[in-house]
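Colleague: Here are the chains, one letter per residue:
There are 2 protein chains.
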Amino acid sequence: MKIDELLSKPSEWVRSDSPNSKIVMTSRVRLARNLRNVPFPGWAKKPDRQRALDLMRPVVEALPEMASCFSDSLDNLAALDKQMLVERHLISREHAAKNAGSGIVINDKETICVMINEEDHLRMQAIKSGLQLKSVFKTIDKVDTELEEQLDFAFSPRLGYLTACPTNVGTGMRASAMVHLPAMVLSDQINQVVQAVNKLGLAVRGLYGEGTEALGNFFQVSNQTTLGEREADVIERLNKVILQIIEHEENARCTLLEKKPRLVYDQVGRSYGILSQAHTISSKESLNLLSLMRMGVDLELLPAATRTIVDELFIAVQPAHVQRIAERKLTAEERDSSRAELIRQRLQDVPRPNNPPPIGSTELA
Amino acid sequence: MKIDELLSKPSEWVRSDSPNSKIVMTSRVRLARNLRNVPFPGWAKKPDRQRALDLMRPVVEALPEMASCFSDSLDNLAALDKQMLVERHLISREHAAKNAGSGIVINDKETICVMINEEDHLRMQAIKSGLQLKSVFKTIDKVDTELEEQLDFAFSPRLGYLTACPTNVGTGMRASAMVHLPAMVLSDQINQVVQAVNKLGLAVRGLYGEGTEALGNFFQVSNQTTLGEREADVIERLNKVILQIIEHEENARCTLLEKKPRLVYDQVGRSYGILSQAHTISSKESLNLLSLMRMGVDLELLPAATRTIVDELFIAVQPAHVQRIAERKLTAEERDSSRAELIRQRLQDVPRPNNPPPIGSTELA
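Here the protein sequences come in this chain order: A and B.
1 is the number of the first residue of the first sequence in the working numbering; add one for each residue after it.
1001 is the number of the first residue of the second sequence in the working numbering; add one for each residue after it.
Chain A extracted, bound-state conformation (with noise of 0.2 Å):
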């Protein structure tokens, strides 16, 4: 399979059936494994790191999971194509900026990714929509077991499995749940929340992992630790405390509509408005404003099938996707009215958001 083929449709998890899709957009997990005796990517000479490479690829390629998938040598991939997949978060950006010697494997559906010499030889994720870490786990799990019936593993029986950073030793596993608080944001309670996630020994991190911003509302929480818990523990304590956060989102929503319902009503109008008539968009304005109009949807200002338009935007008003449908390099300027053309496009069938309770009612305060 070709990257345009690839990059050509919207990701498969990017759909509003799945579990608890309102709150949650989606679960991930991701193992980093390394192959015994060989240095790992960040200290091997780049002979050692292409040899690497050349053993893992076809192993990975030969998994039933990757019958029909794109795979290639980062060197051959351009600039904006490794961004696009960054955008889609199938890849990071660490490894976007590789070239040969490090690869790439991902199934036609987007849904499993296996970096080859990232920061470790092997970093493999699972992506669904929705909340279903459990689910999540089985698949990377699954190909972790087939890759281990090929592949020699540097594994401690003390410590686990071995990684380049020490933070990743043991299940070098990272479960996160990206979800979507718009409400607690508003209402400034996030702070709270995300206070009370670090204390359970779980992190709350931006859009795009560790050190990025929370753009559009958007919080990851993983796990922090890899050391002294099985799996399944981790996937289960996490699970739980994404439960508990979607019932505080929930409340918060409920509150705020009973409160404060012309903020609300005010907050999704304002962004259907802007996104329906700009003419020029900055990408983290698209992003800020969309969130809030995936508020309105979930709280039925605005119909249920505009969830997939919005969710399909969050990735496609982004730099490298902007410019992917420009079908040219474009500049800051350029991104950002071709951007605010596409949102119009995608919005022109979208019907005004509802109106609120009559003035007067004592829904005012």
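Treat the hints loosely; a few may be bogus.
Straight line, CA to CA, 25 Å or less: simulated PhoX-like cross-link-like pairs of lysine-lysine [claimed, not checked]:
no. : chain 1 : residue 1 : chain 2 : residue 2
1   : B       : Lys1329   : A       : Lys259
2   : A       : Lys199    : A       : Lys240
3   : B       : Lys1009   : B       : Lys1260
4   : A       : Lys134    : A       : Lys284
5   : A       : Lys284    : A       : Lys240
6   : B       : Lys1109   : B       : Lys1138
7   : B       : Lys1284   : B       : Lys1329
8   : A       : Lys46     : A       : Lys9
9   : B       : Lys1009   : B       : Lys1046
10  : A       : Lys260    : B       : Lys1284
11  : B       : Lys1045   : B       : Lys1134
12  : A       : Lys134    : A       : Lys260
13  : A       : Lys134    : A       : Lys109
14  : B       : Lys1109   : B       : Lys1009
15  : A       : Lys284    : B       : Lys1260
16  : B       : Lys1138   : A       : Lys329
17  : A       : Lys260    : B       : Lys1329
18  : B       : Lys1259   : A       : Lys329
Everything labelled a hint here was simulated from the structure, so no lab data went into it.
If you're wondering where the values come from, they're calculated on a predicted model, not measured in any experiment.
Given the structure of chain A, go ahead and fit chain B onto it with the hints provided.
Modeller: Only chain B this time, still in chain A's reference frame:
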């Protein structure tokens, strides 16, 4: 005529079919006059002020121009009604703060208005839409002549008309035009214009005169001096400068449309988008967005019929007017909701603004 009758309809001068009314909202001329041998209102004792009012009010009411008019003592007016008169540019903020001993006479079209015992015994103004300084002066000059036949005005052969503040001594005349200069503001040329106009001995002020903000890209240009120049010459000079300002603004609009069409379409589109979808909005934000929509009408991005809607809204969105529509005193938060509802209602039949030339055209620079 009762105050309710006067205030229940938009002011006559909110018209779009006057000369140069695209850029000149209104032309106004006011004259300051005082009675001979009667203390100025600021110095007078209460009984003196009341006596002066009782002397002048019947004379003003008897003018042929006031055949159908509203006339009252200020202590009979509710605070909200006085504020509405301010918002309609009929009386000054200072006059609105006055009570017994001061009065107001306004013709039914709201084109002639006489304040009694403001800073001077008489402050009479004529106001019309568009650039009609000469005609406006003619109107108020006639009123002045008629009044002078009945009243003995304080006049010095050497200085001219005597006034409470020395800055008005001489003609007692302040002629002004309210100009709408969004393109000058968008292209950062407004400060140059203000400086150039100041050098010509004219003043540039905000929406409500001296010391007020330039809301909605409206600027009031007026003569500074009242000594040493005949009224007709002052009017002529002001008229010439206004014509130049119109030309500058028109050029700025053409340049913007040519060099930065997307900026123009974006500003107009977003303004329409927000105004037609917001559920809570301040008067300041409303004025600024209405201003951009008004420019959109002038540039034919919106139907011509939209101008009257927008021009009426400039007055109707202001705090006292919003409360009049709600028929009760509102909190700031309630005003913002009521204002947003009013705007959405008035804009509901206004179609979306036009789209810009296709992306990729050379105009995108």
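Colleague: For each hint, tell me whether it holds in the structure or not.
Modeller: Status of each hint after checking the structure:
Straight-line distance between C-alpha atoms of Lys1329(B) and Lys259(A) comes to about 22 Å, which keeps the hinted pair within the 25 Å bound. A hinted pair counts as satisfied when its Cα atoms are at most 25 Å apart, and Lys199(A) with Lys240(A) qualifies at roughly 14 Å. A hinted pair counts as satisfied when its Cα atoms are at most 25 Å apart, and Lys1009(B) with Lys1260(B) does not qualify at roughly 39 Å. A distance of roughly 32 Å separates the Cα atoms of Lys134(A) and Lys284(A); the hinted pair therefore is violated under the 25 Å criterion.
Between Lys284(A) and Lys240(A) the alpha-carbon distance is near 31 Å, which puts this suggested pair outside the 25 Å criterion. Simply put, Lys1109(B) and Lys1138(B) have alpha-carbon atoms about 17 Å apart, close enough for the 25 Å limit, and the pair holds. The hinted pair formed by Lys1284(B) and Lys1329(B) meets the criterion: a straight-line CA distance of about 19 Å does not exceed 25 Å. Taking the CA atoms of Lys46(A) and Lys9(A), the gap is about 35 Å. The hint is violated against a cut of 25 Å.
Distance restraint check for Lys1009(B) and Lys1046(B): the Cα-Cα separation of roughly 35 Å exceeds the 25 Å cut-off, and the hinted pair is therefore not satisfied. Taking the CA atoms of Lys260(A) and Lys1284(B), the gap is about 22 Å. The hint holds against a cut of 25 Å. A distance of roughly 38 Å separates the Cα atoms of Lys1045(B) and Lys1134(B); the hinted pair therefore is violated under the 25 Å criterion. As the CA atoms of Lys134(A) and Lys260(A) are separated by approximately 37 Å, the hinted pair breaks the 25 Å bound.
Pair hint Lys134(A) plus Lys109(A) holds up; C-alpha atoms about 19 Å apart against a cutoff of 25 Å. For the suggested pair Lys1109(B) and Lys1009(B), the alpha carbons sit about 10 Å apart, so the restraint of at most 25 Å is met. Using a Cα cut-off of 25 Å, the hinted pair Lys284(A) and Lys1260(B) holds, with the two alpha carbons roughly 22 Å apart. Restraint check for Lys1138(B) and Lys329(A): the C-alpha separation of about 63 Å exceeds 25 Å, so the hint is violated.
Distance check on the hinted pair: Lys260(A) and Lys1329(B) sit about 21 Å apart at the alpha-carbon level, within 25 Å; holds. Straight-line distance between C-alpha atoms of Lys1259(B) and Lys329(A) comes to about 22 Å, which keeps the hinted pair within the 25 Å bound.
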